[in-house]
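Student: What follows is each chain in one-letter form.
Protein chains: 2
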Amino acid sequence: MAERTYTNAQLSQLEKRFRTNFINSLTGFKSVALIGSQSTEGITNLAVFSQIIHVGANPPLIGILFRPHTVPRHTLQNILDTKNFSINHIRKDFVEKAHHTSARWDISEFEGAKLTPAYIDDFSAPFVSEASIKMGLTYVEHYTLQSNETIFLVGEIQKIVLPENCIATDGFINLVGAGTMTCSGLDAYHEVQNPVRLTYAKPNQPVKKI
Amino acid sequence: MAERTYTNAQLSQLEKRFRTNFINSLTGFKSVALIGSQSTEGITNLAVFSQIIHVGANPPLIGILFRPHTVPRHTLQNILDTKNFSINHIRKDFVEKAHHTSARWDISEFEGAKLTPAYIDDFSAPFVSEASIKMGLTYVEHYTLQSNETIFLVGEIQKIVLPENCIATDGFINLVGAGTMTCSGLDAYHEVQNPVRLTYAKPNQPVKKI
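Protein chains in written order, with the numbering used here: chain A, 1 to 210; chain B, 1 to 210.
Here chain A stands alone, though its shape is the one from the complex (with noise of 0.2 Å):
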């Protein structure tokens, strides 16, 4: 198999799209989700989002990094004023739907892309009716990076909801029976394939499945 090498220079003179694209993809396969939120003013919000990551277990804790607050990013702006918001996994089904939320709309997101919210408990950040893993948190904390002006922002899991039969019976979820997707790359959406799991890894003892 043929391979090809690039160095950071040659980067730096890629057309900017195909760099956008490349380096997009580099990360690998990516956790994608969409984000509900809610203005001061009651304007609901849906965007689509991949750079997402586990922080911590105890207390649950997920990361989520957001593009620089240079032009107006009303899923940021909405968490720092209310501090919650909701995330909600993404399933074949209505993933058109999911990716149509990145248009420009002068709506609201749910309306262009006629999705459902749906509220639970006390939270003001709308969830999506139509996903079948949704989260509600509450804002923690957010560093901006020096490096590139990004905000890496981190919130508590408050309310999980999820299909009772895809927990497994040692926590594990099985994402691929909830129907999740991964994505790659800007714009393209993946469903996966049953996983081999793997027991916990001991020296000098062969890795088996479980």
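Bear in mind the hints are in silico, worked out from the structure with no lab data behind them.
Keep in mind that a hint or two might mislead.
Identical copies go unnamed one by one, so any copy, or any two together, can satisfy a pair.
[Claimed, not checked] Derived lysine-lysine pairs resembling DSS-like cross-links, with alpha carbons at most 25 Å apart:
id, residue 1, residue 2
1, K208, K83
2, K92, K114
3, K114, K208
4, K209, K16
5, K209, K83
6, K202, K114
7, K209, K92
Position chain B against the provided structure of chain A, taking the given hints into account.
Tutor: Chain B only, in chain A's frame:
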């Protein structure tokens, strides 16, 4: 489909291992890769990481979240000491070896898990010869999160090696073709299906497949 809900208070009362599996599954499918590094004494290290996110395309930046610095974290220490490291995508044909690096080896994980170090240019960090997509990065900055003492570290891509036939004309990388896997929870590795790529979204125009 029966739904199950969990509150923050219920999560804190779960058995520890159940909670860890459960919360680690909630962010959806994750990037997973082997990070190669070398100590100032010349000892190589290789470790599986699944908290990896895209930070920016220009400059090309990747973020990694490390667990708290309270117990020895060889990868983090090596990066802080030597300022360079490698990220190597995991393929199915060596996924058991990749997982085996997570055992508590007294020797280098390369030797223990029977993976082959490769050296590129002047990086002191070893790459994984078996990986088809490999990157060399240099340290940029890091933040210790107040919420749980995890460390968010940003590196800049200096070198990329990948199969030429996986690069689309618009820069998108065919990760399925390259054999890159995704992971969920703590121990599940998945192959991924070919994607649907969707057009740049505009209001009042249906999203189409590319």
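Student: For each hint, tell me whether it holds in the structure or not.
Tutor: Results of checking the hints against the structure:
For a Cα distance limit of 25 Å, the shortest separation of K208 from K83 qualifies neither inside one copy, at 44 Å, nor across copies, at 35 Å. Only within a single protomer do K92 and K114 lie at most 25 Å apart by alpha-carbon distance; the minimum there is 15 Å, versus 38 Å between protomers. Only between protomers do K114 and K208 lie at most 25 Å apart by alpha-carbon distance; the minimum there is 16 Å, versus 45 Å within a single protomer. In the homo-oligomer, the alpha carbons of K209 and K16 lie at most 25 Å apart only across protomers (22 Å), although the nearest pairing inside one protomer, at 43 Å, exceeds that limit.
For the homomeric pair K209 and K83, neither the shortest alpha-carbon distance inside one copy (42 Å) nor that between copies (36 Å) is at most 25 Å. Only between protomers do K202 and K114 lie at most 25 Å apart by alpha-carbon distance; the minimum there is 14 Å, versus 50 Å within a single protomer. Taking the closest pair of Cα atoms, K209 and K92 come within 25 Å of each other only across two copies (13 Å); inside a single copy the shortest separation is 28 Å, beyond that limit.
Hints 1, 5, counting from the list given before, are not met by this structure.
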